[in-house]
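Novice: Sequence:
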Amino acid sequence: MFRRALYYKMTCRSFIQSFLLSLTHSFTHSFIHSFIHSFIHSFIHSFIHSFIHSFIRSFVRSFVLSFVHSFNCT
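In this text, residue positions in the sequence shown follow UniProt numbering: the first is 1, and each later residue adds one.
Among the hints, erroneous ones may be present.
Derived Cβ-Cβ restraints for the label pairs, each shown as a range [what the hints assert, rightly or not]:
| id | residue 1 | residue 2 | range |
| --- | --- | --- | --- |
| 1 | S22 | F51 | 38 to 46 Å |
| 2 | S54 | F15 | 56 to 64 Å |
| 3 | H29 | R61 | 30 to 38 Å |
| 4 | F19 | F47 | 36 to 44 Å |
| 5 | F43 | S70 | 35 to 43 Å |
| 6 | S62 | F35 | 35 to 43 Å |
No lab work stands behind these hints, which were simulated from the structure alone.
Where a beta carbon is used, it is the ideal one built from N, C-alpha and C, also for glycine.
Whole structure, please, built from the sequences with the hints as guidance.
Specialist: In structure tokens form, the structure reads like this:
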């Protein structure tokens with residue numbers, strides 16, 4: 001009787017340990033996944049934003065310079 005109770009106690013304990021381990025693993029996995037996803041998303045967003053911003057600035061600068069140059073030539 002005592003051996004059976006000990007067996008059930010150990011089985012229950014191992015079940016709880018494996019459940020907590022899987023829960024921790026899934027939580028860690030989802031946390032790391034979301035962190036990497038948000039990091040990559042923000043990096044790409046900032047890169048595209050800065051690229052478009054610099055492109056527009058250089059385009060406007062060249063346009064203004066050519067306009068001023070053509071205005072001065074006439």
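Novice: All hints, please: hold or fail.
Specialist: Against the structure, the hints come out as follows:
1. Take S22 and F51: their Cβ atoms lie about 43 Å apart, and the range 38 to 46 Å holds.
2. Taking the beta carbon of each, S54 and F15 are about 58 Å apart, inside 56 to 64 Å as hinted.
3. In this structure the supplied range 30 to 38 Å is violated for H29 paired with R61, their Cβ-Cβ distance being about 47 Å.
4. At about 42 Å, the beta-carbon gap between F19 and F47 stays in the expected band of 36 to 44 Å.
5. A hinted range of 35 to 43 Å holds for the C-beta pair F43 and S70, which are about 40 Å apart.
6. A beta carbon spacing of about 40 Å between S62 and F35 agrees with the range 35 to 43 Å that was offered as a hint.
When held up to the earlier numbered hints, the structure conflicts with hint 3 and nothing else.
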